[in-house]
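Below are the chains, spelled out letter by letter.
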Amino acid sequence: MSDQELVNAVTGGNIKAFEQLVNTYKKSVFNTVLGFLRDVENAEEVTQDVFIKIYETIGGFKGEAKLSTWIYRISVNQSLDYLRKAKRKKRFATLLSLFNSENEVIYQPVNFDHPGVLMENKEKAALLFKAIDELPDKQKTAFLLQKVEHCSQQKIAEIMQLNEGAVESLLTRAKLNLRKSLTKYYAS
Amino acid sequence: MKNLKEAEKQADEALKSIDNIQSIDVNEFLYTRIKNRIDALDGQIEKPIVWPLYRMAAMLVLFIAINIISYNYLLGTNTSNKSIKTNDLNTFSEDYNLQGIQNNY
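Chains A and B, in that order, give the protein sequences. Counting along the first sequence from 1, when you hit position 116 you're at 116 in our numbering, and nothing is skipped either side. In our numbering, each number is its position in the second sequence, counted from 1, plus 188.
No lab work stands behind these hints: they were computed from the structure. The beta-carbon is built from N, C-alpha and C at its ideal position, and this holds for glycine as well. Some hints here could point you the wrong way.
As the list claims (entries may be wrong) - To give a feel for the contact side, a few chain B residues facing chain A, derived at Cβ under 8 Å:
1) Leu192
2) Ala199
3) Leu203
4) Ile206
5) Gln210
6) Ile212
7) Asp213
8) Asn215
9) Tyr219
10) Asn255
11) Ser258
12) Leu262
Can you make the complete structure from the sequences, with help from the hints?
Listed below in structure tokens is the structure:
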């Protein structure tokens with residue numbers, strides 16, 4: 001079944017086609033989200049959100065981009081939304097903690113141990129993911145799509161709706177910022 | 189300076205640490221969970237759309253029924269009033285021998 005046939009079938013309410021769509025893209029959605037969130041449990045939750053969003057909005061998919069590009073875009077947006085909400089909650093909790101000491105623990109992944117990283121690189125990768133978390137959203141998105149999902153610059157440009165030159169610039173700045181941040185850490 | 193060189197080297201190594209990152213598998217029950225959430229959402233979506241329609245239809249039927257009943261009631265009242273008025277006039281004209289006055293000119 002081609003992408004357009006799959007989209008048409010899902011739009012027509014074919015639940016088997018939706019199951020096929022989930023099975024085809026679940027791995028790339030989950031791994032993209034995991035790169036952003038650095039937490040397996042929350043990444044699973046957001047992966048579900050991504051597919052529910054796809055189910056709700058697939059009628060609006062016009063086929064101007066590839067289905068995979070559209071799905072990556074939703075995954076990135078849902079992940080960034082989740083991180084923004086988590087940051088807002090964290091700020092609010094910090095404010096509340098000034099008045100009340102009994103607060104629930106807010107999502108805050110520390111030293112994320114990515115299951116897909118080789119054993120000998122785990123410590124360095126944990127530091128790198130922490131540094132990635134500090135990057136501006138666009139640099140973070142371009143870098144993660146390249147490193148975690150092994151997307152080409154052209155694919156990243158399509159997902160982020162930018163031209164390739166802009167993506168190259170984002171990747172260069174992301175690497176410079178990460179190098180600076182990691183050097184500072186190792187030098188201290 | 190030596191420390192900075194060493195730190196930069198370590199930073200470069202850290203940057204390469206996820207170059208060969210492997211994709212990991214998703215929970216095998218992912219689809220079931222998504223399906224359950226969609227089913228729950230469908231239920232929520234139906235309620236606000238379907239119930240107001242039923243209510244609006246019921247209100248419309250009630251409105252039309254009240255109008256028809258009122259119209260029939262008013263029509264009936266008018267007819268009976270008319271016949272009462274005609275009877276009164278006839279009795280009055282008979283009492284005062286006014287029948288056929290118009291022919292005496």
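Checklist entry - Honestly, which of those hints from before does the structure not fit? => result 10, 11, 12
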